[in-house]
Structure formats: C-alpha cells, structure tokens
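K.L.:
Construct the complete structure from the given sequences, taking the supplied hints into account.
The residues making up each chain are set out below.
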Amino acid sequence: MLINHPLLGPRDASEFTYLGDASLMNRPDWQAENAVQAFHDYLYLRDNPAGLHRELWFHEQGDRSWLLVTRNTLTHEIVSVEMASETRRSGGAAQ
Amino acid sequence: MRYSGFRVIKEALTGHKGWRPTWRDAAPQPDYDFVIIGGGGHGLATAYYLAKQFGQKQIAVLEKGWIGGGNVGRNTTIVRSNYMLDGNEPFYEFSLKLWEGLEQELNYNAMVSQRGILNLYHTDGQRDAFRRRGNAMILNGSDAELLDAEGVRAMYPFLNFENARFPIRGGLLHRRGGTVRHDAVAWGYARGADQHGVDIIQNCEVTGFRIENGKVLGVETSRGYIGAKKVAASVAGSSSRLMALAGMRLPMESHVLQAFVSEGLKPTIPGVITYGAGHFYCSQSDKGGLVFGGDIDGYNSYAQRGNLPVVEDVVESGVSLIPALGRVRLLRSWGGIMDMSMDGSPFIDKTHIEGLYFNGGWCYGGFKATPAAGWCLAHLLSTDRSHETAQAYRLDRFQTGHMIDEKGQGAQPNLH
Chain Y
1 MLINHPLLGP RDASEFTYLG DASLMNRPDW QAENAVQAFH DYLYLRDNPA
51 GLHRELWFHE QGDRSWLLVT RNTLTHEIVS VEMASETRRS GGAAQ
Chain C
96 MRYSGFRVIK EALTGHKGWR PTWRDAAPQP DYDFVIIGGG GHGLATAYYL
146 AKQFGQKQIA VLEKGWIGGG NVGRNTTIVR SNYMLDGNEP FYEFSLKLWE
196 GLEQELNYNA MVSQRGILNL YHTDGQRDAF RRRGNAMILN GSDAELLDAE
246 GVRAMYPFLN FENARFPIRG GLLHRRGGTV RHDAVAWGYA RGADQHGVDI
296 IQNCEVTGFR IENGKVLGVE TSRGYIGAKK VAASVAGSSS RLMALAGMRL
346 PMESHVLQAF VSEGLKPTIP GVITYGAGHF YCSQSDKGGL VFGGDIDGYN
396 SYAQRGNLPV VEDVVESGVS LIPALGRVRL LRSWGGIMDM SMDGSPFIDK
446 THIEGLYFNG GWCYGGFKAT PAAGWCLAHL LSTDRSHETA QAYRLDRFQT
496 GHMIDEKGQG AQPNLH
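If you read the sequences in order, they're chains Y and C.
For the record, in the first sequence the residue sitting at position 34 is 34 according to the numbering used here, with numbers rising by one throughout.
All you need for the numbering used here is the position in the second sequence, starting with 1, plus 95.
What the hints contain is simulated information worked out from the structure, not anything from laboratory work.
Built from N, CA and C at the ideal position, the CB exists for glycine as well.
Please note: incorrect hints may appear among the correct ones.
With the Cβ distance kept under 7 Å, some of the chain Y side facing chain C (calculated, not the full set) [said to hold, decoys possible]:
#  : residue
1  : Met1
2  : Ser14
3  : Tyr18
4  : His40
5  : Leu43
6  : Leu45
7  : Asn48
8  : Ala50
9  : His53
10 : Thr73
11 : Leu74
12 : His76
P.N.:
The following block contains the structure:
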C-alpha cells in the first residue's frame with residue numbers, strides 16, 4: 001500500500017505504524033457523569049466496518065506525523081489522507 | 096454409513112457405487128430450537144456436540160457460502176495447548192484432549208498427528224519465561240519439556256544455531272501438540288452433525304435479527320425468515336459485521352493473517368517449529384509442502400489477502416532460522432480474516448439480548464480451539480451456564496477488569 005502523505009507525497013505503508021480507528025482522537029471527558037462507561041467504550045469497543053474506515057497511521061520512519069487515512073477495508077484502497085493535527089485544529093471530528 | 100477399512104475394500108470390489116453424500120443438502124425449516132450462524136469448524140462442532148452430547152433436537156447451521164470455506168480451511172493446521180494463563184490453559188488442554196479422541200469420536204480420518212511443537216528460545220530471559228510457561232502448562236495437565244541447545248540439535252540439526260544475533264539456546268517442547276487436516280475437521284463434524292439430525296444449510300446468509308423486547312425471535316436470511324428459540328453467532332472474521340445487525344459493538348478489530356505453502360519436498364521437518372526471535376512457525380504437510388506463517392499485516396482488513404511487506408518479513412524470518420529454506424520455492428500464499436480482540440483472547444458468552452449467544456474473538460488461534468469451542472458453546476446454549484473451562488471468556492471482561500492478556504500488550508489488537 002502507498003499512503004499519499006500530504007507533505008511528503010506517496011510513501012510505502014511499511015514506513016508507518018498503525019494505531020487504529022480514528023475515534024481514538026476523541027478522548028472522552030473524564031469529568032463527565034458517565035466517564036467510566038465512556039472510557040470503556042473509547043478504549044475497547046470498535047465499529048470495525050467492512051468498507052470505508054477512518055484510521056490513524058504514524059509516520060514513524062519519516063516525519064513522525066500522525067495521518068488520518070480513509071481506507072476501504074474490503075479492497076485496501078486509500079481514498080483520502082489528511083494530517084491529523086490539521087483535522088483536529090480545524091475542529092473536524094474524527095468520526 | 097460407517098467408514099472402515101472393510102468398507103473401503105467392499106466398495107473397491109463393487110465399483111464404488113455404495114458411497115453416499117457425507118451430509119444432506121437441507122432446505123431451511125420455518126422454525127428451529129437452535130440456529131447456529133456460521134458453518135465453519137466452530138459452528139459445526141457446536142451443532143455436533145449440541146445434538147450428540149447435550150441431546151438437543153431441532154438444530155440448524157446457517158452458512159453464507161459453503162461449509163469449511165472460511166478460516167477452518169485457511170489456517171496452518173496447528174493444534175496445541177501451550178498457553179500460560181489460568182483463563183486459557185484449561186480450555187486449550189480440554190481442546191487438545193478432544194482432538195486426541197476426535198477421529199474415533201467422529202469415525203472420520205482427520206489426520207490428527209501429534210508430531211510435537213518446539214518453541215525456540217534465544218536468550219536467558221526467554222528461557223526463564225518458557226520455563227515458567229512450561230510449568231503452568233504442566234500444572235494444568237498439559238505436557239512440556241525444556242530442551243537445551245544440544246537437545247534441539249538432536250531433533251533439528253539443520254537450524255541456524257550459530258546466528259550471531261539470535262543463537263538458538265534451546266526450546267520448549269510440547270510433544271502432544273501437532274497438526275490436523277483442517278478441511279477434514281469441517282467435513283467430519285458436518286457428517287457427525289448431519290447423522291444426528293442437524294440441518295446444514297449452505298448459501299444462506301444472515302441479513303438481520305428479529306429482536307422484540309430484548310429477546311431474539313429468529314434471523315432474517317437470504318433464504319427467508321427462520322425462527323429460533325436460541326441463536327448463536329460463530330462467524331470469526333465477520334463477528335463485528337454480524338453483531339452490528341443486532342446493534343452490538345464488539346471489543347475487536349478484523350485483521351488479515353497470511354499463510355504460505357512451499358512446493359512439495361521430501362520429509363524434512365517432522366514436527367512444528369516456531370522461531371523465538373522473529374514471528375515464524377513452520378510444519379510440513381503430508382503432501383510435502385512446508386506450511387508456514389508469521390505476523391498479521393497489522394491494519395484493519397476484510398480483504399482475505401495481504402500485502403507484500405509481510406510476505407518479505409515472514410520469509411526473512413524463515414530463512415534466518417532455516418537457511419535451507421532459501422532454496423525452496425513458494426507455491427501459494429493466502430489470507431484469512433481474524434477477529435483480533437482487545438486482549439488476544441476469545442469470547443464464548445451470552446449477549447445482553449436474551450437468546451442470542453456469541454462465540455468469536457479467536458485472533459489467530461481459532462483452529463486449535465475448534466472442538467472445545469464447539470463443546471463449550473453447546474454447553475452454554477443447552478444449560479445457560481458457561482462450561483468450567485470457558486468461564487473467563489466473558490464479553491464484559493474489559494468492564495470488570497478480568498482481561499486475559501497472554502502477551503501483555505494491552506488494548507492494541509494488531510500486537511496480539
């Protein structure tokens with residue numbers, strides 16, 4: 001797989017490490033009433049879709065940036081790649 | 096029809112006209128007591144033990160493709176009981192004991208071969224960890240033997256003992272482990288279940304659940320609605336997809352694991368060898384091909400095929416352990432989809448929906464568990480209580496803090 005890094009261009013996926021579902025960017029509020037349940041769901045439960053999946057890849061052997069990759073889990077086709085930091089800064093929810 | 100040597104001779108003399116299909120091609124009935132979703136090894140074993148051991152009637156197995164077309168036909172055929180933790184080892188030991196009696200039980204040649212599994216160690220720390228695991232195995236009624244380098248050399252003189260970075264210091268030998276012909280497991284259980292009146296319904300995909308007031312009434316399928324008192328899901332690889340139809344989110348991700356087979360060779364590797372420095376395991380099939388595998392690809396996938404970097408990684412590990420592999424040609428590689436759970440251990444449990452049961456999350460260890468997973472799920476379906484060896488496999492264990500994390504990796508499924 002080639003991941004089209006927004007700054008560095010197409011890079012081989014083996015330069016990256018994979019974290020998982022992009023929902024891991026949305027850490028729950030630890031002061032909320034339901035924080036225990038929310039953290040359980042955040043840490044352990046996954047949608048695990050067959051089809052488009054928003055996921056986090058870390059460019060460990062490159063510029064060490066976090067990328068938000070939208071990829072089809074049925075075909076491995078990568079639809080879009082964003083800088084996770086910019087998505088966060090622009091207030092875009094990872095979901 | 097009972098299979099025997101006598102039967103083979105008789106059929107040979109009478110033109111093989113007496114053989115019958117191994118199982119009926121059943122059409123779905125409108126109602127069952129038990130519907131098992133998934134006609135793989137686990138689903139068929141569940142149906143078999145439910146009918147045979149627990150005396151239940153009115154059982155159907157629904158399979159979206161053909162039976163044995165999923166992970167039971169895609170694994171590397173290894174069976175073993177060499178786990179360490181209390182939640183796991185009694186279960187896998189129970190499974191290995193069932194494997195040992197399987198062929199007589201089913202009257203089917205599943206080619207169960209207890210050829211021994213050798214886990215190599217390369218450092219003092221690894222040796223100590225293996226000694227500890229071996230002791231845990233023995234305490235749970237399994238067998239383990241710690242070999243030094245000379246002991247390993249006597250068994251497998253062709254290994255790369257003098258590797259400068261990872262010299263082989265010895266290995267943990269599990270003599271009762273081995274291999275089983277995986278397709279024959281599916282076929283044998285299908286035949287046994289069929290003989291006990293189970294309907295095996297192929298080309299029947301479950302498209303939804305009918306749930307009212309928190310109770311499951313039946314399943315919608317591509318061949319119409321089928322009512323059921325109890326429904327069990329046993330569809331490793333597609334668990335999240337199926338259970339999403341019942342509104343559940345599961346603690347797992349689906350990943351692809353590749354496996355490989357070489358061209359046929361003369362007898363080379365009598366047992367199963369695993370590398371302690373890289374992730375690589377290898378055995379030789381009775382046809383002569385070396386069957387081997389390694390790490391999962393590491394990203395969510397439902398594609399049943401992987402990518403080349405992992406092929407390279409597995410083959411590199413293999414050649415560094417067995418230099419002679421460098422001259423062997425690879426024949427085929429393929430991929431299967433694994434339920435990678437959050438602690439690397441499986442689930443056999445009720446769900447919060449009455450009458451709906453779940454078996455899954457087997458990571459890449461589901462094949463060896465086939466008989467016990469079938470038995471324990473049948474026990475749960477029949478008695479509504481967990482089998483004594485499967486009590487730790489609860490769906491809510493992340494909430495209660497009772498994780499079973501053999502590798503100690505935490506909630507990162509691609510590392511288990």
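K.L.:
Each hint should be assessed against the structure and marked as holding or not.
P.N.:
These are the hints, each one checked on the structure:
Because the smallest distance between the Cβ of Met1 of chain Y and any Cβ of chain C comes to about 6 Å, under 7 Å, the interface hint for this residue holds. The beta carbon of Ser14 of chain Y is positioned within 7 Å of a beta carbon in chain C (closest approach about 4 Å), and the interface hint is therefore held. The criterion of a C-beta within 7 Å of any C-beta in chain C is met by Tyr18 of chain Y, whose closest approach is roughly 5 Å, and the hint holds. The interface hint given for His40 of chain Y is met, as the beta carbon of that residue sits about 5 Å from the closest beta carbon of chain C, less than 7 Å.
Of the supplied interface hints, the one on Leu43 of chain Y holds, with its beta-carbon coming within about 5 Å of a beta-carbon of chain C, less than 7 Å. Hint on Leu45 of chain Y holds. Least Cβ distance to chain C is approximately 4 Å, under the 7 Å limit. Below 7 Å, beta-carbon pairs count as interface contacts, and Asn48 of chain Y has one with chain C at about 4 Å; its hint therefore holds. The closest approach between the C-beta of Ala50 of chain Y and any C-beta of chain C is roughly 4 Å, which is under the 7 Å cut-off, so the hint is satisfied.
Proximity of His53 of chain Y to chain C holds as hinted, the smallest CB-CB distance being about 5 Å (cut-off 7 Å). For Thr73 of chain Y, the suggested interface contact is upheld, since its CB lies about 5 Å from the closest CB of chain C, less than 7 Å. Hint on Leu74 of chain Y holds. Least Cβ distance to chain C is approximately 5 Å, under the 7 Å limit. A least Cβ separation of about 6 Å between His76 of chain Y and chain C falls short of the 7 Å threshold, and the interface hint therefore holds.
Checked against the numbered hints given earlier, the structure satisfies every one of them.
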